[in-house]
Every structure is written in structure tokens, then in C-alpha cells.
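Peer 1: Put chains B, C and D on the given structure of chain A with help from the hints.
Number of protein chains: 4
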Amino acid sequence: MFKSQIGVIGAGACDEGLSRIAESVGKEIAKRGALLVCGGLGGVMEAAAHGAKEEGGTTLGILPGSNRNDANMYVDIAVLSAMGHARNVLIVQSCDALIAIDGEYGTLSEIAHALKMGKPVVLLESQWEIKGTHVAHDPAEAVEMVFGFI
Amino acid sequence: MFKSQIGVIGAGACDEGLSRIAESVGKEIAKRGALLVCGGLGGVMEAAAHGAKEEGGTTLGILPGSNRNDANMYVDIAVLSAMGHARNVLIVQSCDALIAIDGEYGTLSEIAHALKMGKPVVLLESQWEIKGTHVAHDPAEAVEMVFGFI
Amino acid sequence: MFKSQIGVIGAGACDEGLSRIAESVGKEIAKRGALLVCGGLGGVMEAAAHGAKEEGGTTLGILPGSNRNDANMYVDIAVLSAMGHARNVLIVQSCDALIAIDGEYGTLSEIAHALKMGKPVVLLESQWEIKGTHVAHDPAEAVEMVFGFI
Amino acid sequence: MFKSQIGVIGAGACDEGLSRIAESVGKEIAKRGALLVCGGLGGVMEAAAHGAKEEGGTTLGILPGSNRNDANMYVDIAVLSAMGHARNVLIVQSCDALIAIDGEYGTLSEIAHALKMGKPVVLLESQWEIKGTHVAHDPAEAVEMVFGFI
Numbered sequence: 003m004f005k006s007q008i009g010v011i012g013a014g015a016c017d018e019g020l021s022r023i024a025e026s027v028g029k030e031i032a033k034r035g036a037l038l039v040c041g042g043l044g045g046v047m048e049a050a051a052h053g054a055k056e057e058g059g060t061t062l063g064i065l066p067g068s069n070r071n072d073a074n075m076y077v078d079i080a081v082l083s084a085m086g087h088a089r090n091v092l093i094v095q096s097c098d099a100l101i102a103i104d105g106e107y108g109t110l111s112e113i114a115h116a117l118k119m120g121k122p123v124v125l126l127e128s129q130w131e132i133k134g135t136h137v138a139h140d141p142a143e144a145v146e147m148v149f150g151f152i
Numbered sequence: 003m004f005k006s007q008i009g010v011i012g013a014g015a016c017d018e019g020l021s022r023i024a025e026s027v028g029k030e031i032a033k034r035g036a037l038l039v040c041g042g043l044g045g046v047m048e049a050a051a052h053g054a055k056e057e058g059g060t061t062l063g064i065l066p067g068s069n070r071n072d073a074n075m076y077v078d079i080a081v082l083s084a085m086g087h088a089r090n091v092l093i094v095q096s097c098d099a100l101i102a103i104d105g106e107y108g109t110l111s112e113i114a115h116a117l118k119m120g121k122p123v124v125l126l127e128s129q130w131e132i133k134g135t136h137v138a139h140d141p142a143e144a145v146e147m148v149f150g151f152i
Numbered sequence: 003m004f005k006s007q008i009g010v011i012g013a014g015a016c017d018e019g020l021s022r023i024a025e026s027v028g029k030e031i032a033k034r035g036a037l038l039v040c041g042g043l044g045g046v047m048e049a050a051a052h053g054a055k056e057e058g059g060t061t062l063g064i065l066p067g068s069n070r071n072d073a074n075m076y077v078d079i080a081v082l083s084a085m086g087h088a089r090n091v092l093i094v095q096s097c098d099a100l101i102a103i104d105g106e107y108g109t110l111s112e113i114a115h116a117l118k119m120g121k122p123v124v125l126l127e128s129q130w131e132i133k134g135t136h137v138a139h140d141p142a143e144a145v146e147m148v149f150g151f152i
Numbered sequence: 003m004f005k006s007q008i009g010v011i012g013a014g015a016c017d018e019g020l021s022r023i024a025e026s027v028g029k030e031i032a033k034r035g036a037l038l039v040c041g042g043l044g045g046v047m048e049a050a051a052h053g054a055k056e057e058g059g060t061t062l063g064i065l066p067g068s069n070r071n072d073a074n075m076y077v078d079i080a081v082l083s084a085m086g087h088a089r090n091v092l093i094v095q096s097c098d099a100l101i102a103i104d105g106e107y108g109t110l111s112e113i114a115h116a117l118k119m120g121k122p123v124v125l126l127e128s129q130w131e132i133k134g135t136h137v138a139h140d141p142a143e144a145v146e147m148v149f150g151f152i
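Protein chains in written order, with the working numbering: chain A, 3 to 152; chain B, 3 to 152; chain C, 3 to 152; chain D, 3 to 152.
Misleading hints may appear alongside valid ones.
Because identical chains cannot be distinguished in the list, a pair is counted as satisfied if it fits within a single copy or across any two copies.
[Claimed, not checked] Below are the BS3-like pairs computed for lysine-lysine, each with C-alpha atoms no more than 27 Å apart in a straight line:
1. 118 x 5
2. 133 x 121
3. 33 x 55
4. 55 x 133
5. 121 x 5
6. 121 x 55
7. 33 x 121
8. 55 x 5
9. 5 x 33
10. 118 x 133
11. 133 x 33
To be clear, the hints were calculated from the coordinates, so they are not data collected in a lab.
Chain A on its own, in the form it takes in the complex (with noise of 0.2 Å):
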């Protein structure tokens, strides 16, 4: 059997309290177990990347550009896809069910498509109000909650 992927999607530069928050996200991931996904870059990205390896879990960055050293230094595996915004729908498409942590519109761009491709989306600290997706309060519950939609 294969590893859950799950992704955690927000913006490129985050404050420290949205950074602790992935950070939780991605060490909860690794605790059970599954494949942390994620874009590769900074902020939130980088922050739950960082959580996961805190845990000794794996991480994947799919990447917008061609640049292995765009990735951040948690990022133990990277997709180069160099396909700018398209790597979203590579994002979304590769995992069983994404997570999504505030975030401006390519984060929103993830959770429609996550949303019409029919795979579950937890939204922590959102500005969006969409519906079909689901909304958590602490990165316990949001991992909680994902983890019972795969």
C-alpha cells in the first residue's frame, strides 16, 4: 500500500502565526504517516515542509519554475515542472486531499480545482467562503478532518 498525499496549499510569504500553524499541519501529517505535497516555495509551503521533517516525514515540492534551488531547504524531493500557474492543477492533482491555509488566489485557483476534480479541501484561517469545502479551527482538526475524508 502507498502513502497518503495530502497537500497543504497557501500563500508564498506568511506571518509567524500563519507559519506555526502549517508548521503544526505538516508535523501531524508526518505523525500518520503520509507524504506532505506542497509548491516548494516559502511561506506556508515552507513552514509545513518544515513541520514535516521536524516529524521525520517526506516532503514533495512541485515547483512553478526549472530552478531545483527555488525549492525551500525542507523540500526533499522536487517536481521542476516549469509550467508558472499550471503547477497548481499538478499540485492538486497529485494528492488525495489538500489543505488549505489562508492563501490569496492561487491558493483559491487549488481549491476550485481541487473542488471540481471532487477530492476534499479543509480551509484553516480562510478568507474564502466556498462551498464544498470544509473548515477547521487548529491544524488538529484540519488534519484530523482530512485524514477521514481519504
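Peer 2: Frame of chain A; chains B, C and D shown alone:
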């Protein structure tokens, strides 16, 4: 000088009211000499392309699959992406501005990508309320707005 | 009935001899009422599009980047893929058949994709010898062959 | 420091001889601590992934479709591109260097993309003769060469 490329996005199936709206939008775009870009399938895409052809316009359909016969009969030029949902990104990327008519999650993903890329998006009959978009109340106003932005 | 879509592929820079050949190929394609599909940049792509426009044809350029201004001046309709090399796949996928004029590794990738997809490929002035392709000796023959295959 | 990412490319079906070669290549890559990247399906891809797992390595499969169950059982991490042939570009883009084992047109497209991107390509049992590639005579030599290039 090349033609403006205006996207009309919306669901692959729609009722007659939306169909009439999409057709009017397509007509107005063609009257102004712009290229109509759409997803090439049915519903809003087909009605908009139909409208553009009634006014002697040119239509580009960017399809999710690889079969030319999936395109509606009003598509002059077909790009067969064979990229599934990533084709939504191609549509947005190839337009100067977009008009979203109603639409579900697929359309939401396109709106989000457009906002992320900084492209103007006008909503008609939309269920989505998203900061950064512009709301029009009828086809003429939508097309008027979209040409004002580019 | 929709128009045939014929791809002309080749390097983004070329000498005058190849340029004249590409222009002739573009002319012949337009004379037969087909859409000319190319990568939208310079060299062979520009010369072929130029030829098509001289005969009143229509041209589609599928570009690797996201900037409309990268397209040569003979591109009527631009698809801005922003997908780098993956745009080669889009070109091939969107054509009924292709003519490769000389060309380096990028062209070789397109020839290979075309053969994999089962699309006819005619080579003109090619350095590549690949089973499954067809060799033409001048522009008229290349276009004759390509329309014979579709 | 992140791991090297080495691609092994080849046909989705192969005879036992090629399978043994691919398995040896996978083993050698894993022994050197690199990530094995492949297309995730059968034949050469499966045999190489199998070899890597026998040596305790990690394997990434970048698939053309959207179904995790299409991946062979030795794929640890699956990227589901749902992009058909464009997935070949993703594979190449994500590798530091590649080893092509025999292979048909799909493999040829990957070799061409790799050369276009300036990535080292070593050929084993190849029917293709392409300037810019390097020919190895056995799995050990192929892996030796590939690590020499990166």
C-alpha cells in the same frame, strides 16, 4: 496590431437564459473585432462562440482533450491541450481579459488564475463574490467593461 | 467542416535559404485553406507564418511564454502557454499533420511527440533520420504529402 | 544538500533482458543515494523502480494520467500529471540527468527535451543515434557516466 483576445468562460451545460446571455456576449465581442477565446465545449462556451460567428467573428477553443470533434461547431481554431484541467490555465493565460458567465468550480479556477495573473475579470450572473472582480448586469455592460480595461 | 490545422516546426533562427523554404511552405498551406500552426517565434516559425499571411491565410502561434509581444508579427492568434518546453506538445497535439524544416533538439522533440501520437510528419532539409517520418525534397512536395496523409 | 534526481526512461513494456538491465540501473542509482525518477508505469519504468527499492532507495513516478493505481508497485511518490504526453517534459525537467534504456518515440521525445534543456543523457541499448548523447555499454557504466556528469 494584433486583435484583442477576450475569454468567455462558464459551464459546459447551461439553461436557455444563460445561453442567450452568452450568445449576446459573443456577438458584442465579435462586433468589436476581437477574437473570442473559450474552452471549446458546450453550454456557455458554445453559445458565446455561436454569437461571435453570427457577427462574422473568429473563435478559438482551447479544449481539455485531444479530439477535434469534441469542439462545438462554432470553434474556428482548436487547440487540443490534452491537459485536462490545466487547459483552464491556458485559456486565462491567452486572454487579455475575461468575462465569466455564471459557472461552477471550473470557472472559479479560471477566475482565480486570472486574478493571480492580474487580468481583468468581469462577472455576469455569477454565484461567486470575489474581491478584485467586476460585476456587470447585462452582456452589453460586460463587454463594455472588459474593453475599458484592456 | 472545420479547417485542417497544419503545423510547421523548426528552429527559432535560420538562414535565408531555410527562411525562403519555410515561407513557401506557409504559402502552400494557406492556398489550400488550412490553418498554419507554429510556435509563434522567429526563424522558421516566422517565415512560415509570413508565407501564410501573404496568401491571405490564418496563423496560430502557440508560444512558450506569457507575453503576446514575443509572437512574430504574422501570428494572428496567440496561445500563450507559459509552459516552456511543454508547449511543443501542445503544438503537435493541435495539428492534423506537421512539416519539420531542418530544426534542432526542440524540433526533434516535436517530431517524436508527433510519431508517438500517430500524426504524419514530413521532413524538409532535416538532419534527423527517423523511421516513421516522410522525407520531402521541396516545399510543394512537402505540402502535397502532408495533405495526402490527412 | 538535496539528493540528486536521476531519470530512467524507456518503454512501458519490455522483454526480460531489458527488464534486468533497467533493474540493475535502478539498483545502482539507489546505492549512490539518488532519487530515481521515472514515468511510473510498466516495463523499463517498473523494472528500474523495482531495482531502486531492492536497494532501499526512493522512487518518484510522474504519470501521464490521474489515477494513482496506474503507478507500478515500486513507485513511492506519484505525481499525477493528467497531462498525457506533456508529462514527458515534467520528467526531464525534474531530473539532473537521465538514462534512456532502449525506448520508442516517447523515449525519443524525452531524449530530445533533455538535450534541448542541456541535461546529460546516457543511452543504453538504444536504437537512436543522436549527437549530444552518451552511449554506455552496461548498467554500471551508464550510472557511472551519469554521476560523472552532474
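Peer 1: If a hint holds in the structure, say so; if it doesn't, say that too.
Peer 2: Evaluation of the provided hints:
In this assembly of identical chains, the alpha carbons of residue 118 and residue 5 lie at most 27 Å apart only when taken from the same copy (23 Å versus 32 Å across copies). For the homomeric pair residue 133 and residue 121, the shortest alpha-carbon distances inside one copy (13 Å) and between copies (25 Å) are both at most 27 Å. Taking the closest pair of Cα atoms, residue 33 and residue 55 come within 27 Å of each other both inside a single copy (10 Å) and across two copies (23 Å). Neither within a single protomer nor between protomers do residue 55 and residue 133 lie at most 27 Å apart by alpha-carbon distance, with minima of 33 Å and 36 Å respectively.
Within a single copy, residue 121 and residue 5 get their C-alpha atoms as close as 17 Å, which meets the 27 Å cut-off; across copies the closest is 31 Å, which misses it. Only within a single protomer do residue 121 and residue 55 lie at most 27 Å apart by alpha-carbon distance; the minimum there is 25 Å, versus 30 Å between protomers. In this assembly of identical chains, residue 33 and residue 121 lie within 27 Å of each other by CA distance solely inside one copy; the values are 22 Å within and 37 Å between copies. For the identical chains of this complex, residue 55 and residue 5 are neighbours both inside a copy (16 Å) and across copies (15 Å), given an alpha-carbon limit of 27 Å.
In this homomeric assembly, residue 5 and residue 33 come within 27 Å of each other (Cα to Cα) both inside a single copy, at 12 Å, and across copies, at 23 Å. Taking the shortest alpha-carbon separations for residue 118 and residue 133, both the intra-copy value of 12 Å and the inter-copy value of 21 Å come in at or below 27 Å. For the homomeric pair residue 133 and residue 33, neither the shortest alpha-carbon distance inside one copy (30 Å) nor that between copies (37 Å) is at most 27 Å.
Against the hints set out earlier in the document, violations occur for numbers 4, 11.
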